[in-house]
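Undergrad: Listed here are the chains, written in short residue letters.
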Amino acid sequence: MNFSLSEEQVMLRNMARQFATHTIEPTTIDNDRSEYFPTEIVTKMARLGFLGAVVPQEYSGSGLDHISYAIIIEEIARASLAVAVSVFCSHAAVADVLVTWGNRQQKQRYLPLMSKGEILGCHTLGELRTGTDEGNINFRAQSNDKQWIVDGTTPFVINGGVSHLTLLFARIENNQGYHGIGAFLVDSNLAGFSSEDILGKTSLRASNIAKVRLQRCQVPRESLLGNIDDGAKIAQYLLDDINFSVAASCVGASQACIDAGIKYAEQRSAFGKSISDFGMVQEMIADMIIGTETARLLIYQVGDLKNKRQPFSQQLSIARYLASLTALKAAKHAIQIHGCSGYEKRSPVERYFRDVSLATLFGGSLLTHKLAAAQSSPGIHSA
Amino acid sequence: MIATFSEHHKTLRQSVETVVKEKVVPRAAEIDTTDEYPDDLRQLFAKLGYLSIVVPKEYGGQGDDITSACIITEEIAKASASCAQITYGAMGTSYMLLTANDEQKARLYPAIASGEKSFGLSLTEPNAGSDLAGIETSAVLDGDRYVVNGTKTFATGAGFWNGWLTLVKTDPTKGSRGLSILLIETDMPGFHLGHHDDKLGLRGVGGGEIVLDNAIVPKTNLIGGEGEGRNVLREAMVPARIGHAAVALGIAEGALDCAVNYVKSRFRLEKLLTELQDVQQVLAQMVIRAETAHAILYQVTALADQNYKEPSLEKYASIVRYYCGEAAMSNTTDALQLLGIDSYGKDFPVERMMRDAKAYEILEGTQQIQQLIIAHSVLRA
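Protein chains in written order, with this note's numbering: chain A, 1 to 383; chain B, 384 to 764.
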């Protein structure tokens, strides 16, 4: 078992960190305040190969392994959870689904443009209620000989207002139950497709989140992804990607909280000494470090299993649960270390608290993943 | 000792419940979004006697007990912690003014009771939060007035209230015995408002910097004696911590209500959420916290009402402030995970409650400070 990163992975981490620190960080407070989605940052990330991180090089991707992917996500999330969620939990996840499930035409049509950041992708699995209820699908698709007619609305799509390609899940008419879901690649410039940005958000303000609506939208036959009854499997594949990305993002956010907490504690005095000397402050920092280091190792393990094409779902549930739990705790502790000043918008830590709360919900709540860790064991079934 | 609610307490709770449902619930979301101070609600609370609840009767107040004050605060907080802060603020300053002299009481209490004026408490500075002995705001006596210089931060009500009971240094050579409380009012020369706090939660109650630039404060606004700052503060700390605990309790209960109402109408994989054991477990934990917090708060208010000077109250006030704060934080976080995206709407405003709850791990002494007080209470015995 090798617990060290390769030389390439270390270099990649340094590059991603430099970019995050110098290009993303200086903009985060302003972008959050003005609820601005920074397309120019996404473009720069494309040039560094981050948008097509796991897309094969033949489609203009970087062809990186999954641990490297996790490393990039963590470094970006450390600077801006909103950017990480937009790029990795939505756009890049859709790209990865295409790599595995798309036919040659679909891959050639979309992947190079996605890798280069010329088009952005989104998916309609954004609406997550109590857990991973893929059965909770908001769109209907009826087929005739020539095309699909798709109807429906979903209230919550990350990148919904800025993307050109929507990976949409619809219940195919006249089919009941689990195998009746189809996955479609929908161009947003089709007639009948509309989106409405959600404004005045409290969380992930620098992400674009929109309501997406299809009204008798005529979707070409060749937009179907995979076979007619592959929809549920594709949704599960996508969900795994989302969960991996959210977990890695949470580690980045937790690390940002640790860094902010230590930085503040070092320079703040009370009762005659630096507050970093106090046991109760050290306890909070320890809590954050223990959770973050654990979650990071678990994510690397999942990445390793994915690289070897081995089953990874139990480890992913564990990693996702721990990473989210840690991020929620870290955001709380970071504010706590800052006291009143952490509760106010001049400090970055209050933004971590707001953003982490929403980000940890994508792909399922804490409890869903905790139970899934048990349900991955033989003999334990879903409740 | 078993805390019991009198008929008066029960009637009071019912009437506040009605007011909250009709007047506070419809405004709660907008107050948070706009960060605009609900002065109309403040005036309503004044008219209903909520702001005068502990002001002595001879000065136009209700002369009621701390249990009643907490009942009002708790019920309002279930819908809006920000609105509850308004009533709590009045309670805190009323208690502090018990150490005021007769002239001050006659001047200030009627104004508070009628709602004509609202006062807050201002202690924190950029370089002094938990460690109040480190404050730098100076007050130099010049004849019949003090000349005050310094900056106070995170003053609740800044921009709306009429003044603050402010911790100042009247004698820099005497350490903590050189601290005093001065009531500094907004119309005094040299008083300026600085930065307005744009807060994570508890929005709408105003907050910000108070800048004192050779501010002129009459000597008649010195509360308690010169150098008595710590003692005056100590008088207020017990009810202040209890009052804050009551707000936190309301938040914990509000989050529980949202969670219960939500799960009764939602499904996971075709099963009603209410049938799922893992959901039941989360709810059970939330109930245990809310009920325990409720029981301990009113146990402590009963003790305080029986004997306000009881020495063990310092420990109990810290315990209740710590516990209710944690209950609010845990219940709102649990509810957020249960409700998911629906936490962000107006129907089940759990996300807002969670942002509000965070304040109650910090204000009136952080969780860490409370634990220090509690630990010392048994180590010194």
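Some hints here could point you the wrong way.
Stated by the list, open to error - To be clear about the criterion: a stretch of chain B counts as covered by chain A if any three or more of its residues have a C-beta under 8 Å from a C-beta of chain A, and this derived list gives those stretches: (1) 485 to 491; (2) 712 to 723; (3) 749 to 760.
Don't read these hints as lab results, they were simulated from the structure.
None of the values given here were measured: they were computed from a predicted structure.
Glycine included, every Cβ here is placed at the ideal spot set by N, Cα and C.
Undergrad: For each hint, tell me whether it holds in the structure or not.
TA: Checked hints:
Check result for the region 485 to 491 of chain B against chain A: violated, 0 residues qualifying (beta carbon to beta carbon below 8 Å, three or more required). Residue count for the region 712 to 723 of chain B with a Cβ under 8 Å from a Cβ of chain A: 6. That meets the three needed, and the coverage hint holds. Only residues whose C-beta sits within less than 8 Å of a C-beta in chain A count toward coverage, and the region 749 to 760 of chain B has 5 of them, enough to reach three; the restraint holds.
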